[in-house]
Amino acid sequence: MWIIFTIYSHLIEGEQARPLFSLGPHCPPRSPSSIPSSRTYEVTMREILHVQGGQCGNQIGAKFWEVVCDEHGIDPTGRCTGSSDLQLERCSHGPYGQIFRPDNFVFGQSGAGNNWAKGHYTEGAELIDAVLDVVRKEAENCDCLQGFQVCHSLGGGTGSGMGTLLISKIREEYPDRMMLTFSVFPSPKVSDTVVEPYNATLSVHQLVENADECMVLDNEALYDICFRTLKLTTPSFGDLNHLISATMSGVTCCLRFPGQLNSDLRKLAVNLIPFPRLHFFMVGFAPLTSRGSQQYRALTVPELTQQMWDSKNMMCAADPRHGRYLTASAMFRGKMSTKEVDEQMINVQNKNSSYFVEWIPNNVKSSVCDIPPTGLSMSSTFIGNSTSIQEMFRRVSEQFTAMFRRKAFLHWYTGEGMDEMEFTEAESNMNDLVSEYQQYQDATADEEGEYEDEEEMAQEEM
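Each residue of the sequence shown is one higher than the one before, counting from 1 in the UniProt record's numbering.
Treat the hints with care, as some may be off.
As the list claims (entries may be wrong) - Below 20 angstroms or equal to it, Euclidean Cα-Cα: the simulated PhoX-like pairs (lysine-lysine) are:
#: 1; residue 1: Lys365; residue 2: Lys351
#: 2; residue 1: Lys312; residue 2: Lys231
#: 3; residue 1: Lys351; residue 2: Lys312
#: 4; residue 1: Lys189; residue 2: Lys231
#: 5; residue 1: Lys189; residue 2: Lys312
#: 6; residue 1: Lys365; residue 2: Lys335
#: 7; residue 1: Lys365; residue 2: Lys267
What the hints assert, rightly or not - FRET-style restraints, in silico, Cβ to Cβ:
#: 8; residue 1: Glu126; residue 2: Asn350; range: 55 to 61 angstroms
#: 9; residue 1: Arg405; residue 2: Ser435; range: 16 to 22 angstroms
#: 10; residue 1: Ser236; residue 2: Ser377; range: 26 to 32 angstroms
#: 11; residue 1: Ser435; residue 2: Ser353; range: 22 to 28 angstroms
#: 12; residue 1: Gln438; residue 2: Lys189; range: 21 to 27 angstroms
#: 13; residue 1: Ala445; residue 2: Glu126; range: 48 to 54 angstroms
#: 14; residue 1: Lys137; residue 2: Gln306; range: 43 to 49 angstroms
#: 15; residue 1: Trp412; residue 2: Ile360; range: 39 to 45 angstroms
#: 16; residue 1: Asp103; residue 2: Asp70; range: 22 to 28 angstroms
#: 17; residue 1: Ala445; residue 2: Asp319; range: 23 to 29 angstroms
#: 18; residue 1: Lys312; residue 2: Thr374; range: 21 to 27 angstroms
Since the hints were made in silico from the structure, they are not lab data. For glycine and all other residues, C-beta sits at the position ideal for the given N, C-alpha and C.
Required output: the full structure, derived from the provided sequences and hints.
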């Protein structure tokens, strides 16, 4: 497991600029006079501590950092090579390479063997104190820690078992900080171990209680994008990680560049989570391009918007047309008209009004960031809190129940000290989550009023 510390800062218009933190040794602090007079900034430092664990978590995390380095003008040695004012304003002292300090790598001598119990109770539990020591050390170095970002998968042993153990420990120690996860869910079409439904269900049981925001990534959806959209005949994990890193970059761009919407983790949660347990988000990205491809057609804002809402562009194997959006947020990047973006977003909602709950008005937010991702003139990233995500949870739950009913493979878990009751509780929690999504999918504005009237009558009777 790697513990990697990063700072996402955002800029607020103000009277004076302070020099920003450095990502390279050859970037001296810039005086306020050297910053363009047309715009001055006051810097708000809000650190996010990034953790990536397990094989999958480390692979997608490493790719994410490559993308972030490109966007901020940082070369592989950790030196600032950017020439734009925004990039230089973000440099004052200290090499970027220090983020990958050797003492922030935590290694175990054995793996979890795709066994959630090993990661959560035995092998992982032996390492957890060493990991927490590194987390504490980095948290103490923060001026204003806003939260944590965890990259992991739910199908294996380390990312799922030890990852959720770490999340619960961080929640205990930092109860008022936000917890965001990028969680890769397993699927039967792309499976490397038969016990993935066990590992995923046990992990969701933990994430429901201990995470604030979960960006759901799904190998099945990623492979479908590679086959159907990108026309790749033999997609590799590198191709999948390319899609994930592009999406992660889009989701976090509002935390790294100037903007009004979702400029920190708490604002993101407030805009997207109407009920605390329903914090699992579908994410999408447009335009979809294959790894290393230089051939793409520049899209218009209407085309970007249409692609972004398309189920084929979602990184989760659930069809939004089978549910309703409780909330949604869209981040557009590149030089484009804010007015045109707003018009297109309203147009989508008007044409597809049946796919949005009517009892949460103004439940779709959008923002524009002037800085496009590397290699594209413009892009858009979508985060949706849709009831259709229950399809994915139901799929995993059915596979879990089929095996658990026969107690198949259970001895691998009980042998690590787990009790069967924990499986029963996890199964029940997953089923409750599916029921809650279905309840709010079926709810109407009139019904909500009826529920309130019934509650008032019950209170009067008491």
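* Can you name, in rising order, the numbers of the hints this structure does not satisfy? -> none
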